[in-house]
Every structure is written in C-alpha cells, then in structure tokens.
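4 protein chains.
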Amino acid sequence: MNAAIVGASGYGGETLVKLLSAHPKVTLKAVTSRSKAGEPVSSVIPAMRGVLDDMLFENSDPAELAAREDIDVAFLALPHGAAAEYARHLVDAGKKVIDLSADFRISDPAIYEEFYGASHPDVDLLAKAEYVMPELSDDAWEQKELFACPGCYPTSILVPLLPLVKAGLVSKEHIVVNSYSGTSGAGKQSKEAFSYCEVNESSKAYGLPKHRHLSEIEEQLSKAAEDKVIIQFNPHLAPMNRGIATTITVPSAGATLEELYAEWEKCYSDKPFVCILPSSTRPDTKYVVGTNRVDMSAVKDDRTGNFVITSAEDNLVKGASGQAIQILNLWQGWDETTGLI
Amino acid sequence: MNAAIVGASGYGGETLVKLLSAHPKVTLKAVTSRSKAGEPVSSVIPAMRGVLDDMLFENSDPAELAAREDIDVAFLALPHGAAAEYARHLVDAGKKVIDLSADFRISDPAIYEEFYGASHPDVDLLAKAEYVMPELSDDAWEQKELFACPGCYPTSILVPLLPLVKAGLVSKEHIVVNSYSGTSGAGKQSKEAFSYCEVNESSKAYGLPKHRHLSEIEEQLSKAAEDKVIIQFNPHLAPMNRGIATTITVPSAGATLEELYAEWEKCYSDKPFVCILPSSTRPDTKYVVGTNRVDMSAVKDDRTGNFVITSAEDNLVKGASGQAIQILNLWQGWDETTGLI
Amino acid sequence: MNAAIVGASGYGGETLVKLLSAHPKVTLKAVTSRSKAGEPVSSVIPAMRGVLDDMLFENSDPAELAAREDIDVAFLALPHGAAAEYARHLVDAGKKVIDLSADFRISDPAIYEEFYGASHPDVDLLAKAEYVMPELSDDAWEQKELFACPGCYPTSILVPLLPLVKAGLVSKEHIVVNSYSGTSGAGKQSKEAFSYCEVNESSKAYGLPKHRHLSEIEEQLSKAAEDKVIIQFNPHLAPMNRGIATTITVPSAGATLEELYAEWEKCYSDKPFVCILPSSTRPDTKYVVGTNRVDMSAVKDDRTGNFVITSAEDNLVKGASGQAIQILNLWQGWDETTGLI
Amino acid sequence: MNAAIVGASGYGGETLVKLLSAHPKVTLKAVTSRSKAGEPVSSVIPAMRGVLDDMLFENSDPAELAAREDIDVAFLALPHGAAAEYARHLVDAGKKVIDLSADFRISDPAIYEEFYGASHPDVDLLAKAEYVMPELSDDAWEQKELFACPGCYPTSILVPLLPLVKAGLVSKEHIVVNSYSGTSGAGKQSKEAFSYCEVNESSKAYGLPKHRHLSEIEEQLSKAAEDKVIIQFNPHLAPMNRGIATTITVPSAGATLEELYAEWEKCYSDKPFVCILPSSTRPDTKYVVGTNRVDMSAVKDDRTGNFVITSAEDNLVKGASGQAIQILNLWQGWDETTGLI
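Chains as they are written, first to last, in UniProt numbering: chain A, 1 to 341; chain B, 1 to 341; chain C, 1 to 341; chain D, 1 to 341.
Isolated chain A (complex conformation):
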C-alpha cells in the first residue's frame, strides 16, 4: 500500500513519517510541506538520518497529489481549514483519506463554526466522512471515504468515559475533565511564549472555558447518551514534551466501581491498545509515550459519590499519528497492531 503524508513538517507529521517508514505493509511515496519543500526529509527530521536520506519534501498541490497513481492513501497532517481542499481532490480521485485535522471531526457544521470561528470548508464532503475512534466506532465506518482521526485530548477522554455514559453508569451532568498535556500538543512553535525558558518549570491552565476540542468531545458523548451532554474541560500545559494525563470527575449514576470496571472489561478486554489498570494504580504519561496505548483506571469516592477516572496517552501517537495508522490497519483488515507498539 502506497502512502503520502501531507503537511509532514510538524510534530504530528514527523511522528507519522517515523511510524510509516517502519510500517511493514506501507511504502511511503510522498511527504509534503509547503515550507520545507525541496529539503531532504532527514534534514528536517534529523531522527530519520540514515533512514530517509534520499527522500525530499514536496510541495505538491491538491490536484497534483490526487493525480498521482502511486498513492493509495493520504494522511493529512494539516491545520484545520487547510485539510479540506486536499481531502476533496483526493476523495474525488478515489484515494482514501485519513485526516488528522479537525475539519471532518464534527458532523454539525454549525458546531464547527462555533468552535473554529469559520464556516465549514466542505459540508458536502462531511457526508462521506466518519469520525473514527477505533475502539468505539461501529463497523460501518470502514465503508466511508474519509476517516477523521479524533483529537489528542478527546481520545484520552472518550476512551474511558464514553462507554460509561452510554451504559448509563455515570451522570450526564457535573462532568469535569482536567487534562495536562506535553508541549508538543501546541505544535512546532516559534513564539516566545513557547520558548524553552518560558515553558520549563511552568504549569498553567489555558483555553478556558471553551477549548476547541470540546466540540467533538461533547458531540460524541451526546450521541452515546442520546441526550445533550455538556462538560467542563480544563486543559493545562505541562513542562514535558509528550503525553496527556487526563483526570475525569463524574458523579456515579448509582453504579459501583465494580460495575464501572465490568463495563470497561466488556468494551476493551480484546482491544490491544486500551490497558485497564487496577483501581490502586494511576496511569503515568511516562509509560505510554512512544506507544499507541491508553492506560486508565478509576476510583470511587464514597464521600462525594463521584468516580475519579484517570488516563494517560501519548498525544502524538494514540492522540494522533498512531491512531491514524491503527485506522489504516483496521480498514485494510491487517492486524490492528501492525507497525505500532
């Protein structure tokens, strides 16, 4: 299977390059970047020295890429708003598209506009797209032409929480989520605020009270609940490169901790990338960085009646590029873990 990565100069794209260049069933045919066009991949991504020395970044436009016969699938690692034009050309040309941007994550264009501050770039194409959380989506998704990868925060939240909401084990109100993300979540930055001396030895909340990822989190939870679910989501920036630690406080709807764990086991016991930890063990970003796993555990506080659920993932792997490859593997009927750990 021949693949292209569009917009590969950011951290998400870089991680895709690393994973796909080692994937046993994929040949990387094109790597594009407007700003790095003409440069060797291994000079922009020095970790690829000795591996991709002969490949150059291209500056192919959407039409050119769509016309390429040596490309079967394209991964879009572009900013929201920019992905849609590539997606349109590629889908029209019969290519499959795995989109890591936000452009096709939300089925309601009005919600997209509310959270992203611009009208949706291609409403028609939305109908051909599917938001794919590999462990949670039902089979129909594989028939679609465009697969929208969930965002990094949403993955760390929906994997533990969505089945509980769906099963009615937890309240749909008073859900509070706090996430602590490594700085790569902000992308490659050239702003003073993201310089080493400013981020190091610093912790802070940001994006309050209405971070963009709320749009897809709430849409997915609402679908699962068959009811409107609104949550409080408080993201924070942590002085580390990678990883998201998420802590969810949610009132139990009368369920016990055992019932929560039973539901998790039901959903995930055969899922290689979801690791259910004992209630006494707390997930740690350190142990998931570099893997495609979500680790998660829960406690119940009898004083408050709340469950406190914690999860950890690598924002660049399970939260982005690894999950994109997991989608490819499932779509192709390959072992879900091919090229992933």
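Read the hints as simulated data drawn from the structure, not as lab findings. Being a predicted model, the structure only gives us computed values, none of them experimental. Any given hint might turn out to be false.
What the hints assert, rightly or not - Derived pair list, reagent style DSSO-like, types lysine-lysine, alpha-carbon separation capped at 27 Å:
no.: 1; chain 1: C; residue 1: Lys25; chain 2: A; residue 2: Lys25
no.: 2; chain 1: C; residue 1: Lys18; chain 2: A; residue 2: Lys18
no.: 3; chain 1: D; residue 1: Lys166; chain 2: D; residue 2: Lys144
no.: 4; chain 1: A; residue 1: Lys172; chain 2: B; residue 2: Lys210
no.: 5; chain 1: A; residue 1: Lys29; chain 2: A; residue 2: Lys18
no.: 6; chain 1: B; residue 1: Lys25; chain 2: D; residue 2: Lys18
no.: 7; chain 1: B; residue 1: Lys25; chain 2: D; residue 2: Lys271
no.: 8; chain 1: A; residue 1: Lys25; chain 2: C; residue 2: Lys18
no.: 9; chain 1: D; residue 1: Lys144; chain 2: D; residue 2: Lys128
Following the hints, position chains B, C and D against chain A.
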C-alpha cells in the same frame, strides 16, 4: 527577634533558612536536624555557602530547645506527628511556635485521626493553637501561642475559594479541585519513584480520592459556609521543582463573574500577597516561584454555569516557609512584606 | 534464536527487553532479576503493558540458566563483578554471552583492578572474550564465546576518535574529552542526590580525574596507536534522561579537516549506524535518542591547530542495549539493522 | 542613587529590574524597551506583580535619557552595537554607565571587528571605559566613566583561571575550556530552535570553534600572562534555564594542587562572591543559581599532568546583572554585597 528552625534539612526548612537568614528583623540562632547534626549549614544547603558557613546543624531535643534563652520563636519544619512534642515543650517554656506540620491544622482530633492514621499527638495543645491563613484569619489569632501554617495545596485552594463560599456566591456541592504540584512538594526523597529519570517527562495523578490535605481544606470551607462542605480534590505530580497550579471548577450560585471579582477585590485589594489577575489572564507557576504571592483569576462558563478558577503559588514559599514568615511579621506588627517578595 | 536477559530491572535491561521483544528473529525466553523475581515484566516495566503481560521475572542462578536448553544466547545487564559468574557458567555450557558489564572489556587484569578496585573476577575467561565495537573490530571477534559491549562513554568517544588515532591524523597527546550524559547513565537510583529536584536544573562534572571508562578508552586508543595514549576525560551529568554529547579537543598531527573527513568516510561510509554530519552541523542528543546511531562532525581551529570533534548517541541504545543487539545481528550474519533503527 | 535600565525586556534586563527594585540604596527611575514601551513593567515581567505595578516601560532615546536629571547611573542591557550610542550620550552628560553589552569589553577595536563582524561603534569612548571583573581589576577602574561588565562565559572562566595564568602556575598552551550553559544565555527567543520541545531533553555544542566571548577571554588572559594566550573554547547548550558549568583542562607548569589552591586563597579569601570548594567537591549550577557567587574547585591528574578546574555560576546574576550591581556597589564604596546574595 531570635529564631530557631527545627528540622531544617528538608526543602521547607531549607527555604526557611534562606529567608530568615536574610530577614532584617530576625537573627537565626539555631538550626536543627537529627540526621545532619554537626554538619555546617552551608554543606547541607550549599546555596548558603558564604552566608552561613559558621553555623552548624544541632541535634537539640525538645527540652533543650525550650530551655534556650536566646530563642524567642521556633519554626517547626518537621513531619506530622513529630512536631507536637517540640511544640509542647516550647509553648510550656513561653516561646511562640510557628508550626509548618499538619499537627495543629485541624481542630477536630477525630478528623486528624481519620486522615493521618494516628491519634492526635497533643489534643490539649490544640486549644492554644490557631490555623492561620494570614489573609483570611481574623485578628484573634495573634493572641494564640502556636500558629499552624496551612498546607501548600490548601493555601492555593482556600485563598481563591473560601471568600466565595463564605459569601454564598458559589455552590457548596460539586466542587472539583485539580492541583498540579512541583516535585519538591513530596519533600527530599531517596525513593526510586522520585528519581530524576522517573519523574522527568512524566505527569500523573496520585493520592486519589482522599489526600490528607482534604481534612484542612474541608474544615476551613465548612466553617466559612457554616455547613458541611465536601469536595473532590485531585492532586497531580508535575515534572518541575516548585510551584502549584490549581484549577477549581465550582457551580455558580447564581452569581456573575463581576460579583465574584467584586468579592475578591473586597477581600484582597489591600493584601500584598494576593494578586487578582484579569479574567483573560491565566496564573502561571513560573511567575510566582520565589515569591510569597498567590496569583488567581476566574472565568465563567455560561454553558455549564460553572466558574473555573485558577491559582498559582510557590509551594515552598506561600505554601510553606514564606507564609510562616508572613505570620511572624503580622504577629509582631511588622510590615507584612518584611523579608519577603 | 532464543535469548535470556540477565539482570533486566535496570535501564539497560529495560531497553533490552523492549528491543528484543520486538526483534523479528529473537524469542525472549527468560528475564531475570534478583530483586524483582516473581513480578510480571509489565509491572516492573510498565511500557511493556499489553506486550509482555504473561512473562515473569525469574531469579535463576548461573547454573540454572546455563542448564536451560531453550536459551541460545544470554545478555548480561549486571553490575561489574556480578557478570563474570554468570558468564562462566553460560560459556561452559556452550551458550554465547553478550556482556554489557565492564567485566570483560579490558584485556589487562591489572588495569581492571586499578580502575574497578577489585581483582578481575575471571582472568581465564578473558581469553575467550572480545571487546566488540561493531564498526571497528575486525572479523575474528565473531569466533569468540563472549562479546563484551563497550561502555556508553567509550562508544561516543572511540567511534569518532579511534580511526583518526590509528591513521596518525591526530596527536596522541593533549587529547581532552568532555562528555555530557543524561541521568539514566547513572542507572536506576534511590539516592537523594539523584532525586528529581536535585538533578533538575543542575549541571556538574563528576568522576574527575579518573572515571572508570578511561580504562577501556585508553586501552583501545593505545592498541590503535600502537603506543601508550593517555587522555583527559571529564564526564558531566546533564538534566535529561537519555543521550550523551561528547566533545573531543585534539591537536591535529598536521592533517586538514578534509583528511579527517576522508578517513571517516573510508571507515564509515557503509556503516548504517554512524552518521557523519557536515562540519557546520553539530550533533544533538535529541536526534539520536531512541536510535542506534552515533552522529558526529568536526571543525578545525586554525588558531590553535586543534580539531574539535563532537558526537551524540543514546547511552541506552548505541551506548548499551542497541549495540548489544547489533553485535548479535552481526554474529548471526543477519542484517546489521534488524530490530534496530 | 537613581538608576535607569536601558533595554530591560530581555532576561538580563529582567534580572536587573528584580535586583535593583529590591536594592536598598538604589531608586529605579526609568526602565526602557523599544518593543515594550507603554506597557506596565509587571505585565512584561509578571514576577514583579505587586512590586512594580505602576512603572511603565519607556521608549526614551539616548538624548532624552542623557538629559534626565533624575538619573545618576544607567545600566545598558542592550545588544552589542546598540549600547554604544546610549553610552556616548550618557557619558557626555556626566552619567556613569554600567554596560552589560560587549561594546566596551575589548580594548582592541580590531579584535572587536574580528569577532563581532562590524567595526567598533565608538572607538573614542573605549578610552574612557574599563573592563571590570570586580575580584580581579585593580583600583584604577573606579575612576573611569564607563564600566564594561564581563560576559557570562568569561566570568566563569577568568575567575578560576586568570590568577593561575598570571602566577605562572599553568601552561599558556593547550588550554581547553568546555562550558555548559542554561538556555537563558541565548536570551529571550522566538525561534523554533529554542522552543521548549526542541531544547528539552537535548544537549549539544555550538559556536565552534570561535565563539564571540573568546575575544575578551583571550585578551584578559594575555594581559595577565604578558604574552599571547589562545585557548580552545567549546560552549554547549544545556536543557535548563539558568547556570553555567565550566570545565577547564590546563597543563600544570610544574605546580602542585596545593600551590594552585594557595594562589586561589591569596586572591579570593576575602572575596564574598568567590567560593573555593575542596578538591573533592564539584561545583553544581543548582547551588549558585539566584546568587552572585562563582563556586570552583580543582583536581590534578598525575597521569596527564593537567589540572582540571570546574566552576559554576548563574549566567544572569554573576554572569550579568548581579556583577553589574557588584560593580555599582564597589564604585560607590558600599558594602560589596548590598542587594546581592
């Protein structure tokens, strides 16, 4: 005024040594540590080289310290359980005691036992002690003989939250607090789990669901509310040395953001160590480390009806040693900021 | 090929576990640790959750391991002094041994005793052992029964420097090497001095003037020079987890920078794990962590007549476990890069 | 004494603002920054919240500043090339100038041009300027009108090395200096290469083989030696905010370690900001950050005949702003440590 620091080899004690040795109205007369007795202060705390080269750590026992005529006030930087015996001797000898341990923070011995797993070491002395949050305690505290310094997490939570609870601006239910602390909060450690390679590039929750600091947080909130207040408190360990970033999600009790800010202004406009930031600015631990300040701001989410309040402090200064000195300053009638920034 | 890892609970062993469990031509049959015996590998090495959940740490003694028919090769990730006994039993039983300790790195037992402070644990076995720097050793090594892996610092120094010494391009005097190592180089630590708060935001030299690794560095350089070579080696501890940045200052023996690069090209142009960077590019530990590469470049200072050579490697991969696997691959005649990147 | 800080928005200027606003004998009258003019000091330097809330950054030009009657001394924290014009106006107006830039550090304009790539901006003013290393300069300096502060690297190198060169205890050849600097040494940066994710977990050399600071290091050493001294200087970037760890390898000129220490004691025993550590103790940046100290120690390697000397300082304090204030204190005849620790 002549001071002793009892148990000065940890991070809290070290910070006290630094601050008191530069305090213009205090002479440091004794610095004790069982494990470091006989060693020069500047070899245990190398930052003090050239400043305290001639002072040695002592191993004075409670009776010896209490008998010293050259000591007016003692700061106890000891583990909970160990402070009470020193406090008893010192108070009986007519010394003032500023205690940084948990031993006299909670007025109800049953709560102490519930959270600290041992019966209270000196119930009688509790009556002579006062939990002093300098910005919030009323004047009577200065008459007591023992001043209990609030914990690091409680300070970062109670400063922003307590006045709002007291004024009835926020709900007493569904309060969720997430805090993110630098690793010095765990003290000087020789466990593998706190070694550099394990903590670096790692974020995780711990102490769920019933961290010890809950005992004093809930007691203070309950007194302010004149009602039982129970909260969810989720502490996290961050890969940085110092600082606590706290995020409080609390339903508004019908109050507007303007009313919240007005209440804060009423309480704190003349308080030098509380900095009320605009709603659009998020506190950052980086900017408070080394200072005795709490920075704080709030937003209101009209979708959920919640306030999201964030604060930042230095866990070793405002969360421990700086606040202890602030208490000394106020008790003595000195300018509150003497020896502090 | 069936493999055992002896002493797998440290960082070197952990990296071996990760690499060998994904190696396409190796089956991991046993993982031992005295302190962790009986515990699941994935609880001691949480990164292996979902991968090695069913494997337990063993506490097999040397004789037991040697008697195991399902083991063809053993990797020893033990402290110096402890490896020799395992090596003896395994070699006597006809197993191949790849030893990551220092026990068989130095051919002269007197030098071993001088630097390691104890008499050599098994002088006879030394004759069956070979110090294997895969890019530099000649073919005979593959006939030996025990392969001694070079140390982390020596690898970063010898790869760039040894060919230049051998070719007579540089002086054998006034060689000064400064290395900056991530803290994992000190192993898993439970000392206060290696706790997060002490190492973070700290840089310092240590081990001056006679670090143990000097013994193997000087022996190898002296063999290459056919003359006694003594160097100044200044190791430093850097506040990061992994990676070594080495800077070598060495007077040119009349050679030009072009001649230096020509020599490097001659030695390494077909070596997949040595990356010669242009003189204007400085190696960075960031780009080699996770890989088995040494990146290196050099400048010449016409004012001093010195070459300044810099290299970077991952101390746990090319400096330890990756190199051990590279040795396995070469010994077996497999592609050198199998299971490595 | 009334002071102005010109160019106060960088890390050096910020440190000056903090130190001078707390200095008991200085009143800060003006703080300038072209890019931040009009903004409150406490919004640009949030650590100053509550301390300098009412002061605004100015955009005063050189003539305006020179005409201000309320300014006695000006600290220039400007880039090289930009400082000279301010210095000229201020000196002509009879103000004293303490210049933290490189413009007046080198007495030979040809050397300035060689290293800074531009002709010297004001050769005439050089005659009125003095390079002031407070512990090493002789008394005449206080009569000059402009005091040039040494650079950060040079301070960490010259304090330990210069007296040894002057006394003939060490060779003037084969001197190799490796320094490892925190990232604040590169100033406030908005380049991707200095973003958190790029610097964190990374170590590398840079500026080889002819870093700008060589010009002042070699000029000072040559003056002390009364002979031309050329050294190899290898600076490195470390993943930490502040601090420089310097390691000097220099052949002994027949001197013993005791003679080296005796010379240091002779020079520095009464100097409050130079701390001579025992030969067995290695300086650590952690213990000097926030102070104006240089910590240093030395070993002798009898195998090579070299001394290996290590030092540590805070690049922003002793390496810049603290040393500038130390110069002010000495010039004014105040206690050298006023406002410093």
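How the hints compare with the structure:
1. Between the alpha carbons of Lys25 (chain C) and Lys25 (chain A) the distance comes to roughly 18 Å, so the proposed pair stays at or under 27 Å and holds.
2. For the suggested pair Lys18 (chain C) and Lys18 (chain A), the alpha carbons sit about 18 Å apart, so the restraint of at most 27 Å is met.
3. For a cut-off of 27 Å, the pair hint linking Lys166 (chain D) to Lys144 (chain D) stands: about 24 Å separates their Cα positions.
4. Distance restraint check for Lys172 (chain A) and Lys210 (chain B): the Cα-Cα separation of roughly 24 Å lies within the 27 Å cut-off, and the hinted pair is therefore satisfied.
5. Restraint check: the Cα-Cα separation between Lys29 (chain A) and Lys18 (chain A) comes to about 14 Å, which is no more than 27 Å; the hinted pair holds.
6. Taking the CA atoms of Lys25 (chain B) and Lys18 (chain D), the gap is near 22 Å; set against the 27 Å cutoff, the hint holds.
7. Distance check on the hinted pair: Lys25 (chain B) and Lys271 (chain D) sit about 26 Å apart at the alpha-carbon level, within 27 Å; holds.
8. At most 27 Å may separate the alpha-carbon atoms for a hinted pair to count; Lys25 (chain A) and Lys18 (chain C) meet this at roughly 22 Å.
9. A distance of roughly 6 Å separates the Cα atoms of Lys144 (chain D) and Lys128 (chain D); the hinted pair therefore holds under the 27 Å criterion.
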